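Trainee: Sequence:
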Amino acid sequence: MSTLRHHGITSYTHAARKIRRDDFFAFDYILAMDGDNLDDLLHEKRRAMGRRKGGKGDGAGDGDGDGDGAGQVAEVRLMGDFLPDGSAVEKVGAGEEVGDPYYGGKEGFEVVYRQLVRLSGGFLKFLERQGEVEN
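First residue of the sequence shown: 1, per full-length UniProt numbering; consecutive thereafter.
Watch out, some of these pointers could steer you wrong.
Here are the computed distance ranges between Cβ atoms for each label pair [to be verified]:
no. : residue 1 : residue 2 : range
1   : Arg5      : Gln130    : 18 to 28 Å
2   : Tyr103    : Glu132    : 28 to 38 Å
3   : Glu132    : Val92     : 15 to 25 Å
4   : Glu90     : Arg5      : 34 to 44 Å
5   : Glu128    : Lys106    : 27 to 37 Å
6   : Gln130    : Asp23     : 33 to 43 Å
7   : Ala26     : Gln130    : 35 to 45 Å
8   : Arg129    : Ala94     : 14 to 24 Å
9   : His6      : Gly99     : 13 to 23 Å
The calculated DSSO-like cross-link candidates involving lysine-lysine, where the alpha carbons are at most 27 Å apart (straight line), are [as the list claims (entries may be wrong)]:
no. : residue 1 : residue 2
10  : Lys18     : Lys106
11  : Lys53     : Lys125
12  : Lys53     : Lys18
13  : Lys125    : Lys91
What the hints contain is simulated information worked out from the structure, not anything from laboratory work.
Note that the structure is a prediction, hence the values are computed from the model and not measured.
For each residue, glycine too, the CB sits at the ideal point set by N, CA and C.
Taking the hints into account, I'd like the entire structure generated from these sequences.
Mentor: Here is the structure:
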């Protein structure tokens, strides 16, 4: 948290929790920091969709259980899949991974902070290009 304070970010609520099945239907995007977490999230998304459909978790259907394929399901990607120009890499997970700052000491958190500021800018531009936020 000292890295955030150093950059003037002092008003925030920070709470980590495990992903829940309904998260895939409550959010538009779920972003992973690295490939291992992305794989886990994609697996959980398939299971959630299958359970929502009433199946065995194979990911068939859109997840809303009505068979029309029109339900909203979160897009799961790497944070680094979004490029500075507002585009996204074509293949999910082919983008830049965010390193784990824990083993890099205080400087590790600073490096990851700068990386996330940069990647967040690409994600915001992506949303703007999609018309999901106003410029």
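Trainee: So the hint says 13 to 23 Å: do the beta-carbon atoms of His6 and Gly99 match that?
Mentor: holds, 18 Å
Trainee: Starting from the range 33 to 43 Å, see whether the pair Gln130 and Asp23 falls in it by beta-carbon distance.
Mentor: violated, 20 Å
Trainee: Tell me if the straight-line CA distance from Lys18 to Lys106 falls inside 27 Å.
Mentor: holds, 25 Å
Trainee: Can you tell me whether the CB distance of Arg129 to Ala94 sits inside 14 to 24 Å?
Mentor: This hint holds: roughly 19 Å between Cβ atoms.
Trainee: Assuming the hint says 28 to 38 Å, is it satisfied by the Cβ distance from Tyr103 to Glu132 or not?
Mentor: For Tyr103 and Glu132 the Cβ distance comes to about 35 Å; the hint holds.
Trainee: Can you tell me whether the CB distance of Ala26 to Gln130 sits inside 35 to 45 Å?
Mentor: Since the Cβ atoms of Ala26 and Gln130 sit about 19 Å apart, the hinted range of 35 to 45 Å is violated.
Trainee: Given the hint of 15 to 25 Å, is the C-beta distance from Glu132 to Val92 inside that range or not?
Mentor: This hint holds: roughly 18 Å between Cβ atoms.
Trainee: So the hint says 34 to 44 Å: do the beta-carbon atoms of Glu90 and Arg5 match that?
Mentor: holds, 38 Å
Trainee: Is the distance from the Cβ of Arg5 to the Cβ of Gln130 consistent with 18 to 28 Å?
Mentor: violated, 33 Å
Trainee: For the hint 27 to 37 Å, verify it against the beta carbon of Glu128 and that of Lys106.
Mentor: holds, 33 Å
Trainee: Hint check: Lys53 vs Lys18, CA-CA at most 27 Å. Holds or violated?
Mentor: Cα-Cα ~22 Å, so holds.
Trainee: Going straight from one Cα to the other, do Lys125 and Lys91 come out at no more than 27 Å?
Mentor: holds, 18 Å
Of the hints listed earlier, those the structure fails to meet are numbers 1, 6, 7, 11, in rising order.
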